[in-house]
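Keeping the supplied structure of chain A fixed, place chains B and C upon it in accordance with the hints.
Here is what each chain is made of, one letter per residue.
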Amino acid sequence: MIAVDIAIVGCAVALLVSAYQVARGPEPADRVVAADLLTFSLVALVALVGTRLGRVGTFDVVIVATLVAFLAAVSLSRALTGGRR
Amino acid sequence: MSAVWSVLGQVLVLAGAAIFLLAAVGLRRFADAYGRTSAVATAAALGVAFVTVGAGLLDPRPADVVKVVLAVVLQLLTSAVGAIAIARAAVNSGHAFSDETDVAELATPHEED
Amino acid sequence: MTRVLLLPLRALAFVLWFTGAIVRSSGAVLADIATPAPRGAPRVVRLPLGAGGDAHLVALSVCITLTPGTLVLGVVPDGDEGRALLVHSLYHPDAETALADLRDTSRRLRAVVRPEGRP
Numbered sequence: 001m002i003a004v005d006i007a008i009v010g011c012a013v014a015l016l017v018s019a020y021q022v023a024r025g026p027e028p029a030d031r032v033v034a035a036d037l038l039t040f041s042l043v044a045l046v047a048l049v050g051t052r053l054g055r056v057g058t059f060d061v062v063i064v065a066t067l068v069a070f071l072a073a074v075s076l077s078r079a080l081t082g083g084r085r
Numbered sequence: 001m002s003a004v005w006s007v008l009g010q011v012l013v014l015a016g017a018a019i020f021l022l023a024a025v026g027l028r029r030f031a032d033a034y035g036r037t038s039a040v041a042t043a044a045a046l047g048v049a050f051v052t053v054g055a056g057l058l059d060p061r062p063a064d065v066v067k068v069v070l071a072v073v074l075q076l077l078t079s080a081v082g083a084i085a086i087a088r089a090a091v092n093s094g095h096a097f098s099d100e101t102d103v104a105e106l107a108t109p110h111e112e113d
Numbered sequence: 001m002t003r004v005l006l007l008p009l010r011a012l013a014f015v016l017w018f019t020g021a022i023v024r025s026s027g028a029v030l031a032d033i034a035t036p037a038p039r040g041a042p043r044v045v046r047l048p049l050g051a052g053g054d055a056h057l058v059a060l061s062v063c064i065t066l067t068p069g070t071l072v073l074g075v076v077p078d079g080d081e082g083r084a085l086l087v088h089s090l091y092h093p094d095a096e097t098a099l100a101d102l103r104d105t106s107r108r109l110r111a112v113v114r115p116e117g118r119p
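Chains as they are written, first to last, in the working numbering: chain A, 1 to 85; chain B, 1 to 113; chain C, 1 to 119.
Hints were generated in silico from the structure; no laboratory data involved.
Watch out, some of these pointers could steer you wrong.
[As the list claims (entries may be wrong)] The list that follows gives simulated cross-link-like pairs (lysine to any residue, SDA-like), each with its CA atoms no further than 20 Å apart: (1) B:Lys67 - A:Arg55; (2) B:Lys67 - A:Gly82; (3) B:Lys67 - A:Val22; (4) B:Lys67 - A:Ile6; (5) B:Lys67 - A:Gly54; (6) B:Lys67 - B:Leu8; (7) B:Lys67 - A:Leu67; (8) B:Lys67 - A:Pro26; (9) B:Lys67 - A:Val49; (10) B:Lys67 - A:Asp60; (11) B:Lys67 - A:Tyr20; (12) B:Lys67 - A:Gly50; (13) B:Lys67 - B:Leu77; (14) B:Lys67 - A:Ala79; (15) B:Lys67 - B:Val53; (16) B:Lys67 - A:Val68; (17) B:Lys67 - A:Arg52; (18) B:Lys67 - B:Arg28; (19) B:Lys67 - A:Ile63; (20) B:Lys67 - A:Leu53; (21) B:Lys67 - B:Ser6; (22) B:Lys67 - A:Val61.
Excised from the complex, chain A in its bound form (with noise of 0.2 Å):
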């Protein structure tokens, strides 16, 4: 599990550094860019976390969010574009 344990650090500090990305800007694009690997860096972190504590029913919460990335994108892609198509 030490395998994990890595893993784990290493999606965290992409987390992070995705996190401070957000903040940073400057433009709205660049937040954007950086929601979205925030985003799929969380996925990952859940899968990691899951299997690391042994928990039954990952799977399913990791295909969930997933989709919530998916839905996340598509929404600040239309907040960038302020609601026009």
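Quick look at chains B and C alone, frame taken from chain A:
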């Protein structure tokens, strides 16, 4: 046999984490939002796919096989479509390309709808 | 009949080729991220699709975006009936190589459903 799966799972999980770290570096390294979107789309899709399959191999349950396959396929499709949506929104909102980008093809008038 | 029965095999062959394509183009991205000076020549190219169907367009867009270094920016009308994809490429040396690569992907993808150019 389960030892083989376990080693393969650990390799995949570590590879996925490495891809995520590369994506984070790419987020800081690429010159404009389009290069970053390109990096994030590929890295997030492959990274999540590697991590999910690796996690499934480390904690094998027969009932999870279908869920892992479904999660990977959904991830590959949705991350690509999400990245296209973001890139298209960036173009339509007039986000600038980096200075060295050759945008001659984009300059021809067109309508997107 | 054989055409339909062999569809899973052709799809598997495409997936294997596409995995290889991802590995090949990852090299340029890795070299760029690993070395301090930025390299690569970003450009936007226009890939004409003719009067292809929606399914082909979506599948091709997903494949192009999943390939490291290329990204679909949008779909624009091209001529009277056709459409074209605007593709952002990071590492192709010129527009011709970029278009050749993209056409190759498009042709292989179409061959999964319609082998040997039959309608």
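Comparing the hints with the structure gives:
no.	hint	verdict
1	B:Lys67 - A:Arg55	holds (14 Å)
2	B:Lys67 - A:Gly82	violated (36 Å)
3	B:Lys67 - A:Val22	violated (31 Å)
4	B:Lys67 - A:Ile6	violated (24 Å)
5	B:Lys67 - A:Gly54	holds (16 Å)
6	B:Lys67 - B:Leu8	holds (19 Å)
7	B:Lys67 - A:Leu67	holds (13 Å)
8	B:Lys67 - A:Pro26	violated (38 Å)
9	B:Lys67 - A:Val49	holds (17 Å)
10	B:Lys67 - A:Asp60	holds (7 Å)
11	B:Lys67 - A:Tyr20	violated (32 Å)
12	B:Lys67 - A:Gly50	holds (14 Å)
13	B:Lys67 - B:Leu77	holds (15 Å)
14	B:Lys67 - A:Ala79	violated (32 Å)
15	B:Lys67 - B:Val53	holds (10 Å)
16	B:Lys67 - A:Val68	holds (16 Å)
17	B:Lys67 - A:Arg52	holds (18 Å)
18	B:Lys67 - B:Arg28	violated (34 Å)
19	B:Lys67 - A:Ile63	holds (8 Å)
20	B:Lys67 - A:Leu53	holds (18 Å)
21	B:Lys67 - B:Ser6	holds (19 Å)
22	B:Lys67 - A:Val61	holds (10 Å)
Checked against the numbered hints given earlier, the structure breaks hints 2, 3, 4, 8, 11, 14, 18 and satisfies all the rest.
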